[in-house]
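Here the structure of chain A is known, so what remains is to put chain B in place on it, guided by the hints.
Residues per chain are reported as follows:
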Amino acid sequence: MNTPSESTAGLAGVRPRLLAVPLLIKIMGIGGVVAVIFGAVIGYTVQETMAERLYRDLAEAARVGARLLSESLTRPVVIEDVATIRQVVRNGVEAIPDFSFIVVLRPGGDVVAHSFPKAVPREVLDQPVPGRSGAIRKLALHGGTLLVASAPILDGRAGHVQVGVGDGRVLQALEATQATILWTLAGCMALGQLLAMVLGLILTRPIHHLVHVADELRAGRLDSRATIRPGDEVGQLSAAFNRLADSIQDFQARVRQDEEQRRILLKKLVLSHEEERRRVALELHDELGPSLSSLRISAGTLAGRSGVDDVAAADLEQRIGQVIDGVRRMAFLLRPSVLDDYGLAAALKRYAEDVTRQGALNVDCQVVGVSPGDRFPPDVEIALYRIAQEAVTNVLRHARATTASIVLVRRHGSLSLVVEDDGCGMDPHAPEAGAASGVGLAGMRERAHLIGGMLNIESSRGSGTAIKATVPIQET
Amino acid sequence: MKIRVHIADDHAIFRSGLRAFLEKTADIEVAGETGNGFDTLEWCRSNQADVLLLDIAMPGLNGAAVAREIAGRQGMPGTLVLTMHDDEFYLKEFLRLGCRGFILKSSSPELLVDGIRAVARGGIYVDPALSRHMVAPFSEPQRRPREPDELTAREREVCRVLALGNTNEEAATLLHISRRTVETHRCAIMAKLNLKSRSELVRYALENGLITP
Numbered sequence: 001m002n003t004p005s006e007s008t009a010g011l012a013g014v015r016p017r018l019l020a021v022p023l024l025i026k027i028m029g030i031g032g033v034v035a036v037i038f039g040a041v042i043g044y045t046v047q048e049t050m051a052e053r054l055y056r057d058l059a060e061a062a063r064v065g066a067r068l069l070s071e072s073l074t075r076p077v078v079i080e081d082v083a084t085i086r087q088v089v090r091n092g093v094e095a096i097p098d099f100s101f102i103v104v105l106r107p108g109g110d111v112v113a114h115s116f117p118k119a120v121p122r123e124v125l126d127q128p129v130p131g132r133s134g135a136i137r138k139l140a141l142h143g144g145t146l147l148v149a150s151a152p153i154l155d156g157r158a159g160h161v162q163v164g165v166g167d168g169r170v171l172q173a174l175e176a177t178q179a180t181i182l183w184t185l186a187g188c189m190a191l192g193q194l195l196a197m198v199l200g201l202i203l204t205r206p207i208h209h210l211v212h213v214a215d216e217l218r219a220g221r222l223d224s225r226a227t228i229r230p231g232d233e234v235g236q237l238s239a240a241f242n243r244l245a246d247s248i249q250d251f252q253a254r255v256r257q258d259e260e261q262r263r264i265l266l267k268k269l270v271l272s273h274e275e276e277r278r279r280v281a282l283e284l285h286d287e288l289g290p291s292l293s294s295l296r297i298s299a300g301t302l303a304g305r306s307g308v309d310d311v312a313a314a315d316l317e318q319r320i321g322q323v324i325d326g327v328r329r330m331a332f333l334l335r336p337s338v339l340d341d342y343g344l345a346a347a348l349k350r351y352a353e354d355v356t357r358q359g360a361l362n363v364d365c366q367v368v369g370v371s372p373g374d375r376f377p378p379d380v381e382i383a384l385y386r387i388a389q390e391a392v393t394n395v396l397r398h399a400r401a402t403t404a405s406i407v408l409v410r411r412h413g414s415l416s417l418v419v420e421d422d423g424c425g426m427d428p429h430a431p432e433a434g435a436a437s438g439v440g441l442a443g444m445r446e447r448a449h450l451i452g453g454m455l456n457i458e459s460s461r462g463s464g465t466a467i468k469a470t471v472p473i474q475e476t
Numbered sequence: 001m002k003i004r005v006h007i008a009d010d011h012a013i014f015r016s017g018l019r020a021f022l023e024k025t026a027d028i029e030v031a032g033e034t035g036n037g038f039d040t041l042e043w044c045r046s047n048q049a050d051v052l053l054l055d056i057a058m059p060g061l062n063g064a065a066v067a068r069e070i071a072g073r074q075g076m077p078g079t080l081v082l083t084m085h086d087d088e089f090y091l092k093e094f095l096r097l098g099c100r101g102f103i104l105k106s107s108s109p110e111l112l113v114d115g116i117r118a119v120a121r122g123g124i125y126v127d128p129a130l131s132r133h134m135v136a137p138f139s140e141p142q143r144r145p146r147e148p149d150e151l152t153a154r155e156r157e158v159c160r161v162l163a164l165g166n167t168n169e170e171a172a173t174l175l176h177i178s179r180r181t182v183e184t185h186r187c188a189i190m191a192k193l194n195l196k197s198r199s200e201l202v203r204y205a206l207e208n209g210l211i212t213p
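Protein sequence lines correspond, in order, to chains A and B. Last residue of the first sequence: number 476 in the numbering used here, and the count goes up by one each step with no gaps. Last residue of the second sequence: number 213 in the numbering used here, and the count goes up by one each step with no gaps.
Only chain A is shown next, with the shape it has when bound in the complex:
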């Protein structure tokens, strides 16, 4: 039994298609269908009622005509005045156009007189004579329908008179009514469609407007609002829509504000962190370092004195020297003074040399568009230096690389730092990239954002990783 399921499937297909039809067409369609049904019912009812009434009138006319004729023919029939009978018959047919024919019969059924041009048609004579007056027979003759009424003359002892009435006028009247009804219906439908269209436009215009405003909102223009007078349901919808847009705007403003505050806080935090590092580095470099140096010099003066082991003194001196180196390294890692005194390019070169000297990774630094004396705003220099430091640290930790490049390029009002390695790469979207180096990447990205720049990572498994930070700078 496939048919039912197929038909339901077909219906299921029709429903969404019907629902997808534009609202305007739906309204106009409903209006049209209602008008057609209404017009058809009214038209049919009027037609039927009218036909029934007209046929009843027609039958009554035939009946009255027959009775009147029988009365006026009584005397001529009794006295057998055939000329008068014929005269009455002719007069009757001529005077009343509805009378199609008149036939006068003797009680035996012989024709006394008739209005037909030649002989009486057999159909008329074959009719059985009705027993009593008032009965109506229908007779098809010459392609038309006739209503035939008969009336007895002298209660039938002198014969009958039969009158046939044609329905041509009835049919004409019905046809005319039908035409009027159809034209009226067509006019109503046209007017209805027009009204439906106007109504549809009134209904759909605010909806189109709402759709437009929703698109505007989605495109980020959060201050656009629906401008529809409140009132009906569409007005309520647009009011609710506007309230929604208000709360979205509020929410976004709040998020922006929070973001801004977070940014300011982060900036302060980074600044104070950097300041702290600078202070500690300076302390190590300029206070602890020289103190240790003087200690070393003092140790140097021990040698040669009586009661002093020269070898032990030399060893002490050397070990103090190692401590000084350690302190200097620590200060360098905390905050290289070369960055503050000679700028980013110098600090990056120094950093590359420093990492290379440790032996695990060969780091080379190249500078394009930056002359030795060129300086940038301190926050930019520090941020880019830290990003380079973090990137190289990541390479050392994860990349299994042998060489890394630091390239600093100043061009067209922006300063770019690229740190690229020849290691195994990583998938920037893989979850483990977030686990191990994710904090580092996020930190670098945040540092770049804090100075108005952005960070790009380009990597794929199997080839090296390139981290690029770009910062806009003012050309001097």
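Please keep in mind that the hints were generated in silico from the structure rather than gathered at the bench. Here a beta-carbon is modelled for each residue, glycine too, at the ideal position from N, C-alpha and C. Possibly wrong hints are sitting among the right ones.
Claimed, not checked - Cut-off 25 Å, straight-line C-alpha distance, at most; resulting in silico cross-link-like pairs (SDA-like, lysine to any residue): (1) 196(B) x 368(A); (2) 26(A) x 207(A); (3) 24(B) x 301(A); (4) 118(A) x 166(A).
Stated by the list, open to error - Per label pair, the in silico range of CB-to-CB distance: (5) 59(B) x 265(A): 27 to 37 Å; (6) 183(B) x 272(A): 40 to 50 Å; (7) 397(A) x 184(B): 25 to 35 Å; (8) 114(B) x 322(A): 17 to 27 Å.
Only chain B this time, still in chain A's reference frame:
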């Protein structure tokens, strides 16, 4: 005649330690010591010394400002920088200012004695820990200028764009080609020129005029 040395350093302990050490040396005497830049300038203008041991980080007027006034001037002591800074940038700047010696505070005190003697004689003395920076410009392997037609026109363009710090993706966008094509070109360039890293590519581009420094 002993070498007269003046010590300019803001650390009193360091100064006294250094003085004690230097006075053990037969041919060196400490003529004076000052703890900041202004006093140092003042002392040098009114006193005679052969060698000024100058610290870089000093309150008030720092070592660089003092060196700018004194180093290389007639009638002023020869300046020997004694510092914690082990960067070539400091070394080069102070030599440019006219200083004749540069010694790290972390080095052995014996080096300092050698340095003082060298500067007093009118020579130049650089701490051995930093002397590699002095010879680096000469020890760099001399590159032969390469033939300009080593690379195809397209490869030169890719090389130029990459040397300007663009990532492969950015280079692809700039040159209206796919990232894969950029990577292919890049591999070809590196192989042809025997380059090992991005920075070598940048250096090649600089040396061969593909980009301006």
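Hint check results:
Distance hint between residue 196(B) and residue 368(A) is fulfilled; the C-alpha atoms sit about 19 Å from each other, no more than 25 Å. With a C-alpha separation of about 15 Å, the suggested pair residue 26(A) and residue 207(A) falls inside the 25 Å cut-off, and the hint holds. As the CA atoms of residue 24(B) and residue 301(A) are separated by approximately 8 Å, the hinted pair is consistent with the 25 Å bound. With a C-alpha separation of about 19 Å, the suggested pairing of residue 118(A) with residue 166(A) holds against the 25 Å cut-off.
A C-beta distance of roughly 34 Å is found between residue 59(B) and residue 265(A), which places it inside the suggested range of 27 to 37 Å. The given range of 40 to 50 Å is respected by residue 183(B) and residue 272(A), whose C-beta atoms sit roughly 43 Å from each other. Between residue 397(A) and residue 184(B) the Cβ separation comes to about 30 Å, which falls inside the hinted range of 25 to 35 Å. Distance hint for residue 114(B) and residue 322(A): a CB-CB separation of about 21 Å, consistent with the stated range 17 to 27 Å.
Violated hints for the displayed structure: none, as all numbered hints are satisfied.
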